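S.K.: Each chain is listed here by its residues.
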Amino acid sequence: MLTIRSLTKRFPGTLALDDVRFDLRAGEVHALLGENGAGKSTLIKCLTGAYRPDGGEIRLDGAKIAPRSTSEAQELGIGTVYQEVNLLPNLTVAQNLCFGREPRRAGMIRTRAMTRAAQDMLDPYGLDIDVTRDLGHYSVAIRQIVAIARAVALSGKVLILDEPTASLDAREVKMLFDVVRGLKARGLGIVFVSHFLDQVFDLSDRVTVLRNGRHIVTEDIAALDRLSLIEHMLGHALETEVADHATSHDAVIARPEMLTFRGMGRAGVVGPFDLDVGQGEVVGLAGLLGSGRTESAEYLFGLRSGGTAEDIKGPIPIDTPRKAIAAGFGFAPEDRKTDGIVAELSVRENIALALQARRGWARPMPRAEQQRLARMYIERLDIRTSDAEKAVGDLSGGNQQKVVLARWLAMNPRFLILDEPTRGIDVGAHAEILRLIHELVGEGMSLLVISSELDELIAVADRVIVVRDRAHVAELTGAEIRADTIVRAIARHDEIGEVA
Amino acid sequence: MQRTLTQLAPQLVTLAAVVLLVWVVFPGFLDIRLVDGRLVGPVIDILKRGAPVALLATGMTLVIATRGIDLSVGTVMAICGAVAAWAIDGGFGLGGALALAIVAGLVAGLWNGTLVAIVGIQPIVATLILMTAGRGIAQLITEGRILTFTHDGFAWLGSGTLLAVPVPAVIWVLTGIAAALLMRRTALGLLVEAVGINRRAAALAGVNATVLLIAVYMASGLCAALAGIITAADIRGADANNAGLWLELDAILAVVIGGNSLLGGRFSVAASLIGAMIIQTIDTGILLAGFPSEYNLVIKAALVLVILVLQSPRFAAEWRTWRAARAEPRPAGQVQEDAP
Amino acid sequence: MTNPRLLPLYATIAIFLVACVICYAQFPYMASTRVLGNLLTDNAYLGIVAVGMTVVILSGGIDLSVGSVIAFSGVFIAVLLRDTGLHPLVVFALLLVVTTAFGAAMGGLIHVLEMPAFIVTLAGMFLARGAAYMLTIDSVPIDDPFFTMLQKAYYLMPGKGRLTLIGVVMLLSVVAGMVIAHRTRFGSSVFALGGGVQTARLMGVKVGRTTVGIYAFSGFMAGLSGIVFAIYTGSGYPLATVGTELTAIAAVVIGGAILTGGAGYVFGTLIGVLTMGLIQTYIVFDGTLSSWWTKIVIGGLLLMFIVLQKGLLRLSTARLAGGAA
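Chains as they are written, first to last, in my numbering: chain V, 1 to 500; chain A, 1001 to 1340; chain B, 2001 to 2325.
Check the hints yourself; a few may be wrong.
As the list claims (entries may be wrong) - Derived BS3-like pairs: lysine-lysine, alpha-carbon spacing no greater than 30 Å straight-line: (1) Lys2206(B) with Lys64(V); (2) Lys2310(B) with Lys337(V); (3) Lys184(V) with Lys174(V); (4) Lys337(V) with Lys2206(B); (5) Lys2206(B) with Lys45(V); (6) Lys2310(B) with Lys323(V).
Unchecked claim - Listed next, with one range per pair, are the computed distances between beta-carbon atoms: (7) Ala2093(B) with Val1306(A): 45 to 55 Å; (8) Ile2137(B) with Asp387(V): 53 to 63 Å; (9) Val1309(A) with Arg25(V): 46 to 56 Å; (10) Asn212(V) with Ala1017(A): 45 to 55 Å; (11) Arg101(V) with Ala2176(B): 16 to 26 Å.
Since the hints were derived computationally from the structure, they do not count as laboratory data.
These figures come from a predicted structure and were not determined experimentally.
Don't be surprised by glycine CBs; every beta carbon is placed ideally from N, CA and C.
Please work from the sequences and hints to get the whole structure.
M.R.: Shown next, in the form of structure tokens:
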């Protein structure tokens, strides 16, 4: 249905797409994979009209097309749903669905007809919501489905899903996938871009891998296993995706207790819960999105106040982030774009920021010292940047995350909280960050790692706490830390599939 | 030093161009003479008359760097001028009057800062409140009249000279230097920029964003107080209706002409001060060039528009592409490969 | 359950009604059609320009030039009627073309140069005021017979209140603004821009065309407001209506719109204008209060509304979070 031949796109200094081919059949889900910078987004932008290719051709149903804008691509039949839902939360669901095609009489929009049209559009998805309310009132998953409904209604042939599951929890992913399978059955061609390999195996029929702007392989999903897929993406055999951690799970190691938290949280938000953290221990926090796991971290870091903390020397106040930092805590938040990096400041300034804030405004860090610090962490964490003066906003997601990590490592904290440290990061950086976690623990730092990737938790955690329905419900140690035990603890009393 | 000069180059070039333009139409523009122990000449006049806007622009730069804006500074000038005049008349003496006026400015800044940083109101609305209500408060103090006073010491601040230089010019230059040093010799500049770009991330990194924001609005209030004192001293009276009227807009313009982004982040106090001087040179230049006074605003608006267009991000980008295209006729990809 | 987006509008209306009751309790005479007629007449120019401002603010922009444009309009009309033999209606048409084009040009600059609306319209404010000065620096009276007729046109309401022509023009402008903002695709695009330019573009909004349209609309409304102001004062004066843009913004905010764009109602703006007018009327009725109290009270009212909206917003998000649990 959609065929791309020898597509080339040049940017000053780089060849973003080099003779790339790709084809999509009606009624299939075709996953497009590759590390950051492999050319996935460039390819998609050529398809949606955001970029004009420099060479090659795109054919839709045999006819050559060259969309010049998103709306032109839509008219041709190519619709896109992005990671950050590109709809307007300040308009109603109906307005969003019908935007640009509102039923009108004498130039005036017929509200009632629009509401009906919107309900009709949502019907096939089994979504029964009040379409006259603002889109902003609904969860990300519902917005995602509204976005799909709009894209399908507008385009109807090809649907591109660009990282659609990045901010969804497991139940919502399932709900979304049901919708996608329904569309597939209706004969749409679906391009699926995702970092989550599990989801790729779960949903797609075929896979195309890009690397460094080149086409590497297109294969039926059944013909590939996880390892060979990763090899295609990285171009070299990954030693082991996750360090062999099973041995250390055999025995529960007794560690000197360092921090004790009591009565953290507040009814309705999370907890209250108690937590003891030993020196050099990695505590994992597992749970679905919205289970209260991020809120738990926010209490521990003083972003919310409630509960008390104590170390060997006595009580420590942690009711604001500043106090928590003074107590030697650090927090690398989940959403690094809004909560982590300061985009326009340089790598050097971002790394020095927390240290400078602790020293106070009156004692500036000499520039030479900041530079030394930046050079050290650029090397140690392998931050890929042309130099330390580059604005952090210009780096890739994985490198931004490393800068945020460097900021906290420079503080030499005793207790570091990492909320989804590898989300949205390509496989190479993923492995590096896991390696780093092991290294830090070796140095005696205590960590709290929140992650929705079970493999990751199993790989790094000495102890896993499971959060469900805004309470800490289970604690797994040693050999108990296995995917099946964690899933069982998360799922108990929780009928999967009952959504919205 | 070299780096600072490079950074200020666009503003300096603009200032030079405006000065050149005025000099062409009015050749006596650059003359400076010493008369009765004080320097006189159009340039000196610009330095003196530009004082209120330069002072306001200093504080405004910091506020804008935090992604804020302070619409109330003109009104705060009126309040502080009124407070100073009232205090002089009430026998508080020079020190008392100045102290009271400065406290008034700081309180106004504290009010704005609290609304922005603690209550969480958008800066433009938060400061609009004081902008509207403040003039009423100033009129309340002066009871709707122009409050005049006779006090030579106070008047010296507006019309006296120090080492032959007009005192207002000395005050704004010193304030500007103090602000720039305070920002760049300490870590304040970095912290202000961090808060302006991403307040939440800065707060999570341990920056005390709330206190910093309040401090920045108080600094703006302080600058407005100084400007208000100078203005009142110059006319030997406080005019609650007209003192500082619409000067906040000139100050914002100065900051923007200085190349600072209204979206916060990177800032330069020096660039804003040059911006303030550009505006004042245009104002004075139009008068000197002998245009009928009714043409002033149109010419000013046209010049400002030209400067803004030349400085706009889009224009700069187009200009770079154009120059790159002329310098390197070959496609960019090839250039890379040819490079050693 | 009511739609939370309507809460600020309800709050605005409720506060207006409370203000009415307070006024009535102290001065029962204020509940007459005469006072109502005057309220509409005195605030006609502000109401019209505030409708334009509402659309600009809904899109996430701001237009600081409108006060100057009103002054320019008055001078333009007065000078043209004095110096040429053109019929006032022709002059009006010419003026509206000029101010609409002026607004469109500002919108174009904002879009093409990617400059903040605040700065572009600030330059526009200087330019329009300067253009008014260039036409004349004096107050020019208008004594055209047709013009005088417009001034005297009114409908006598029961109770001897006068519903003047310009009051009617204001009410019609509000209705037109409501239709445009809430019932047309252009209006949807305005809200979309207020929700986020990038997203709006992806959803197919023609950003450039819409931006030009928004500021052209504001320019048109400022021109219309200038005509009404000229009819109201019977003269053109280049120093008139200084600061009206800020009064209009205050009215829009009191009317429940959010200054960052994307949420608000044109009808709310009408209530905002009437609330501010009511305060002025109250102070006139009282007689003992000095004029500066008007400013202080309006400032206080602004504060109250903003804090109220803030509270409502917090309440609705808290409920949302609770509902998601």
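S.K.: Now tell me if each hint is right for this structure.
M.R.: Tested hints:
| no. | hint | result |
| --- | --- | --- |
| 1 | Lys2206(B) with Lys64(V) | holds, 26 Å |
| 2 | Lys2310(B) with Lys337(V) | holds, 25 Å |
| 3 | Lys184(V) with Lys174(V) | holds, 15 Å |
| 4 | Lys337(V) with Lys2206(B) | holds, 28 Å |
| 5 | Lys2206(B) with Lys45(V) | holds, 19 Å |
| 6 | Lys2310(B) with Lys323(V) | holds, 28 Å |
| 7 | Ala2093(B) with Val1306(A): 45 to 55 Å | violated, 31 Å |
| 8 | Ile2137(B) with Asp387(V): 53 to 63 Å | holds, 58 Å |
| 9 | Val1309(A) with Arg25(V): 46 to 56 Å | holds, 52 Å |
| 10 | Asn212(V) with Ala1017(A): 45 to 55 Å | holds, 48 Å |
| 11 | Arg101(V) with Ala2176(B): 16 to 26 Å | holds, 24 Å |
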